[in-house]
Amino acid sequence: MKVVYVDLDRCLACLSCQRICTFQQLSRSQDADPNIRVQVDMDQRLILTHTCRQCASAPCIGSCPAEAMARDPRTGAVVVHGARCTGCGLCIMACPYGNVHLMPNLRVAAKCDLCGGDPQCVQVCMAQALHYGDIHELIRKKREGSQGSLALDVINKKTTTSD
Amino acid sequence: MFTAGNHAGGEHHGLQAVTKLSMEIKPAIENGTIATLCRMCDTRCSINVHIRKGVLREITPGQINPVNAGRMCPRGKAAIDVFYHPDRILTPLKRRGDGSFMPISRDQALAEITRKIQFLRAKYGARSLAAWKGEGVGFFQQEAYVRRFVRGLGSPNYFSNDSVCFSSRYLGNLLVTGFWSPFPNFARARLILLLGTNPPVCHPPFMRSFADAREKGARLVVIDPRLNPIGCRADIFAQPQPGTDGALLWGLIRALIRAGEYDRAFVEQYTVGFAEAAAYAERFTPEYVEQASGIYASVVRAIARLLMENRPEISVYAGAGLEHYENGVNSIRTLVILATLCGTVDSPCGLYWPENPPLADLALAREEPLLPKQPIGAGRYPVLYDLARECHTMTAMDYMEGKGDYPLKGLLITAANPVITNPNTRRVAAALAKLDLLVVNDLFMTRTARLAHYILPAATFLERTELHLNLEYQRLYLTRPAARIDGVGTEYELWRDLAQRLGFAGEYFPWPDEPAVCRHMLAPTDISFQELEAHPEGVVYAPLRYRKYKRQPLPTPSGRVEFYSTYLKEHGLPALPEYIPPRFRYGADDDYPLMLTTGGRMTLLYQSRHQNIPRFRLIHPRAEVEIHPDNARELGIVNGDLVRVVSATGELELAAKVVHKAELLKGTVEIYHGWEEWPANLLTPDTLTDPISGFPLLKSIPVRVEKVSGDQAAQC
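As you go down the protein sequences, you meet chains A and B in turn.
Quick note on this note's numbering: the first sequence kicks off at 7 and runs consecutively.
Quick note on this note's numbering: the second sequence kicks off at 169 and runs consecutively.
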């Protein structure tokens, strides 16, 4: 199953993912809260970026009394059926990572739905800190990667060096 | 949501009705994808514009251009918002006596502008006319059109945005190594030293290189009065007093020389003036640097140690943060000297010496200089004119006010908004209003456009055919239009049609269209138009070769790296890049106890561009003056209060943002420079300039901050 993976050490908190997610939510409703969040702790000098891991166990689904959460069979993302959600907030309590929140205006649960299989946040992550792929595949690549990097190898093949 | 400010968006002089013409769009294709380069900033990432049923729907990143490597930023995605923006100017406009504008035909506009130009040229001479190119259209080919036009007109007066951005860095590099070094290949560095720059916001692709280098163990040193998030990743983050980078850099030079930890072989063979520089550096002890810059002596020693341990695999990069001081060029020269001592000249991660493709000389750079015609500012800043071949925009104000050596009466501006971006903006507006002819070619009704006699509708980058040159990767690109809009001419069409009416198109603009211009430029190369068209990701025109100085002399007067510049001495300027402390360090002014810096970048915005994109405005609804919590407390200011910032030049009311105590140096306040409704340049002086480049002082302006009232946003 494909997920958005955050390679935290690469993130420089440019906020592009959070911005584009805001715009993505805005195109659907008046609630513009992003589903990926970049937090910068200026005291500790820490950058923390997090988004839904689309867990296989998905405690959020099981916690929902209204059966408003389900897995999208096409993308594998855990999605919220806004019309069914009562805004009770149990899924927010159930998520071990704090990646579900309540939309401020609509008062229904919201979380990352992988943009239907083409996550915008990954497209705009120029640090290549965000990756979209099967988590096992990402782990394998990270293990095998020469320097542990998932960054694409785009070194210009025509370029030669004479140093 | 555009009504947050004191200059609300409503005052458009009845333009809404004029500009709300329907857009007759002619897409390049009905369905499919156009691969092109983004020009929402100057990075120029590869993008794909997706067109469905003749409508530009979406922009996604191009996959194989090494500049962006399959990613892009949210600015680029909003190029469609700009293209379809309801406020776009779609027809030529002429100002009426009462200041309102009426739509006229393109023919009428060009005919009347031509008549006015001919009248002014006959009465005051050709040099009473000038053109001014802004950042909005870019550089290279678009810049060359303007330079050609000015030459064809017989005037020496070409102005550009480079007067307040980039030229100081350009000169600082040229004066030492003789070449402009493009962005270093940070990914190969073991130590990255950044000064006065916030790459995640202003150069997003750098992030990938930084992360790649850090994954291999590279160290990061960030010098900035402001703690941006990238500072959180730094091994050393140091906050100097604004404008004191030169002292730190001389201190590092001294440390390397005293320890003998510099590239001796290179210095002996390929440099001049080492002894003079070494002697001058002596006074910059770590303790002196601490006193001059506020950076602890122990931190100076620690940075020096990192330089010694990691040379020559060091990337240094200075942003615009170093430019806007009286000592800007010399600070940058000092940085280039430091990088030279570390042995990074023409190395993979260092000061790369780019090779240019043998393109036709569209900008006529190799033609005789126009010095005898007295270009504006060439007398005051001869080095700027000599090396950059452009005039000085701040001096242009004198000429418009009738205080120059001759009058400046007519000005054609394209894609520039100097009423926002030049210092002492109230004076800029008054000077422009004195002109007999002001023509502005732009996408939107900017503050500058509102002063024009004629406004012409400009095309976006999505509507042009043009070549792009990337020196970092030594690639050439060709971009083709995704669409055209009826009645909206490209830059080329504007300058060519005006030249035609003025009778010099045959000599200066003989090509029927932009593809023909591109073919002309490519003729001396072995790369064809078709090849570039087939490779929107760019074509490498020459492989990257390093250490070329071993085979050919460097392009300086001496053929070597110049620590000591005889050329500058001949111009009556210090031969060494001496460190002059910024004026405010001499003594505090009780009337203006705080230090204003402007020009720090914001996400989504780019200089004065993109602030009218509604979804961007949701994120950045209003200007803010950022202030340290201690200073805010002393002044009784809380987050969101309306405050007045006062300098010797002017004043500005805007909201206060109390930042984290680590984010800004105490005593410093910061305002973004590009807002139409809150021009930070009302506060900046145009009289304190760098003696070499003529750059204005934009980053250490003495101000005071006064509380006006409580949170404005809360009251709306």
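You may find that some hints are simply not true.
[Claimed, not checked] Derived DSBU-like pairs (lysine-lysine); straight-line CA-CA distance at most 30 Å: (1) B:Lys541 <-> B:Lys602; (2) B:Lys262 <-> B:Lys284; (3) B:Lys737 <-> B:Lys284; (4) B:Lys384 <-> A:Lys148; (5) B:Lys262 <-> B:Lys602; (6) B:Lys291 <-> B:Lys541; (7) A:Lys147 <-> B:Lys384; (8) A:Lys117 <-> A:Lys8; (9) B:Lys384 <-> A:Lys8.
[As the list claims (entries may be wrong)] These stretches of chain A come out as covered by chain B in the derived footprint (C-beta under 8 Å, 3 or more residues): (10) 48-61; (11) 105-117; (12) 131-143.
What the hints contain is simulated information worked out from the structure, not anything from laboratory work.
Just so you know, even glycine gets a beta-carbon here, dropped at the ideal spot from N, CA and C.
> Which of the listed hints are broken here?
Replying inline: Going through the list in order, the structure violates hints 3 and 11 and respects the others.
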